[in-house]
Amino acid sequence: MLESDIRSILKCVRCGACRSVCPVFEEVGWESAGARGRMLVAQGISQGLEVGSGVLESLNTCTTCGLCRQMCPSGADPTGVVESLRHELVSQGKMTDSQAKLHKKIISSSNSLGDVSDKKKWLGERITEVRKTAEYVYFVGCLGAYRYPETAALTFDVLKQFDVTVLPDEVCCGSPLIRTGFDADDLIAHNMEQIRKVGAHTVITSCAGCYNTLKNDYPAGFDVIHVSEFLSEHLSELELKRLDLTVTYHDGCHLGRCNGVFDAPCEVIKAICDIKEMTTNRENARCCGGGGGVRSGYPDLSLALAKKRLAEVPEGVDYVVTSCPLCLKNLTEAGSDTDVIDLVELVALAMQNL
Amino acid sequence: MELITELQEIVGTNRVTAEPSELYCYSSDASQVRGTPDYVVRPKNTEQVSRILKLANKYGIAVTPRGAGTGLAGGAVALSGGVVLDLSGMNRILEVDIGNLQVAVEPGVVHAKLNEALNPHGFFFPPDPGSSAMCTLGGLIANRGSGMRSVKYGTIKNYVLDLEVVMAEGTVINTGSRTLKSSAGYDLNALMVGSEGTLGIITKALLKIHPLPKSRSLLLASFEGAEMAGKAVVRVLAGGIIPSACEILDRTTIEVLNAYDPNVALPDSDTIILFEVDGTKSGVQEEAEMVKSICKPFASSISIAADEQERNEIWTARRLVGAAISRLDPKMTRVYVGEDIGVPIKEIPNMLKRLRLISQKFDTQIMTYGHIGDGNLHTGMCIDVLDEKQWELLNRAADEIHRTAIMLGGTVSAEHGIGSARAEYMRLERGPALNVMAAIKHALDPKGILNPGKLGI
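As they're listed, the protein sequences go chains D and C. Numbering-wise (the working numbering), the first sequence opens with residue 1 and increments by one. Numbering-wise (the working numbering), the second sequence opens with residue 1001 and increments by one.
These aren't lab readings, by the way, just hints derived from the structure by calculation.
For lysine-lysine, the following DSSO-like pairs were computed, each having C-alpha atoms within a straight-line distance of at most 30 angstroms:
1) K307(D) x K1044(C)
2) K104(D) x K329(D)
3) K1214(C) x K1113(C)
4) K1292(C) x K1281(C)
5) K1152(C) x K1208(C)
6) K215(D) x K1331(C)
7) K1113(C) x K276(D)
8) K308(D) x K1113(C)
9) K1214(C) x K1157(C)
10) K120(D) x K329(D)
11) K1113(C) x K307(D)
12) K1044(C) x K308(D)
13) K1361(C) x K1231(C)
14) K120(D) x K104(D)
Using C-beta positions, here's what the derived DEER-type ranges look like:
15) P1262(C) x D300(D): 39 to 49 angstroms
16) R242(D) x N1119(C): 35 to 45 angstroms
17) E1313(C) x D244(D): 29 to 39 angstroms
18) M1001(C) x Q47(D): 25 to 35 angstroms
Positions of the beta carbon are idealized from the N, C-alpha and C atoms, including for glycine.
My request is simple: use the sequences and hints to build the entire structure.
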């Protein structure tokens, strides 16, 4: 175990402050399913606790939402310890079937959905508008390309008036692999090469997971911004009309709490319509349940977490807006009464010349 | 039939475990006490608890009740294996009865959730532990907890009207009544409050509630030394003012609070006393002025929190300071030992002086904070937990802190409980009264299945 992880484990005084905010613990109810329990499991492993199914389930039910790390009074980092331990156990061949399947799927198809079709199909006729080089590159992401092609196309349409292109051969950013304990070196190297070819100094993502990974797990060499940040900087050029709508905004954990992007999406929304906050928001926003491999490994748990998030949607809003396709998918599939849309869909509704 | 099968028949297969990693997670609370249970069971109702106790009593198996496991004395740690009864899932607020000034709750309700539910009614539940956001009411009752407002509002024992308790052999009793007072026989509420799960398992509680004060004011008085601050507190109390909170923060605590939340921005000083007064608007203004004038000869500066937001920020940070001290140094961790002494109010300056001497003697930094208004001082010590020498000094310092408190007519635990961490001091503190406790324990739990190894009995 890394010394930094051991130090983090030792920082935990087991006060239980994280226990009262961990969304997974709230749902499952067993100590091992909460941040404090995971720190204890980690300590147990360092002291010889056998890695069986209980240990794997404890570590793999964490959505890596980072709420425990954010509020830990002692300054411990349960999220970091969980990710680090997943990596260590995977390197020893200790993983769940679901982890193994996810790994196989991504390695064989280079995307998180195992889709072998053309990743640029969403472009349709727009393929002719794709520049070979540009200052900015729009990193579409696997969910954007395969599950939300219309949103991806809208994003491209909004961005194309600026010096923005897409990668000639984008592969999965590596987020699902890295979060579940695997290396994603080949995917990273491939995307790095693509970014170099395009010559972009900045990568624009529209997914919280891609953003987090490109920003924190890739070698230096380019800037990473979320599409909401790009749009908030170019509001005056977008010619947005005011819409008679009230929406709420769901902060994706890996964009908001883990990387501090809170203001940009709200500034874009406020330029278009009224916004009503969810019960928890910004640093304290409740997780949608989709991240950290929980969506693929524990789908029932993931949807139960999403339902709890939906219970925080305020009365009288027309849309739940989010900036992450994984959050969008999870919240939608959990049966949201209010339509869940991507921020760019809202922008497209307000753009007069789109 | 195997015990696990019998337990599963009572609570269902998904609410019993003997999985090693789960047992490991239940082998500690926030103290240094360790003990691994054989099973963890998560009952959903009183009937299940009763059936579990009947079973445990039949086989002579230890049962250790547990709430959120935030205790600081090992009270929820199974020292003799057996069953840990995780009651945190019994977390419903059953009734908010404003007309009768009471609420009915299950033991797993988290303290802060009760106040969230009461706030819209203009009421609150006054005991205010630092662990409000995570501790359960069952644990608070079982440990006779209190917190920052006990100087004016008393401890949990002043708020328990009735408890539903499952006794060792499975019988369910009620210890009180729905009335706000009762003279009917022995005060079994008082017996169960603070019994740490050694006499019965609390499955429901009827608690008295209090109207929210119309106004609050928070004064921050800075002093050049803890003893000077202690004198000011004694004068304020003797002057006829009972603040709704009266907290001491020493230099280290101030540093920790400012580091934890820079918005708090406490003045740089040796010692701060937070005086909160509450009541009607005019009464609060008058009392705040009185506190100010009494403190003036002792204090280096006095200020008043500007508004509710500033007050809330200070209190929120204060509640978490016990753990936040670990942030001061990447290699240091707060260890909860000797952290909950109480002394008679007039002995506070003396105790503070002795704490300083103990700190020097054992070369261990002792952060002091806590409810100085009721004589309850929390001492915070941080060590590199990988350094055995520091452990030894820490434990020796804690031992001396405990013995000093007893010598001054105080207690080794004002609100956190005895568990097993402080059991060795019970004879010294309580003398022959410990024999009476043992006799009561034996009468109610002859097989000794309920939380064995606790309270020094």
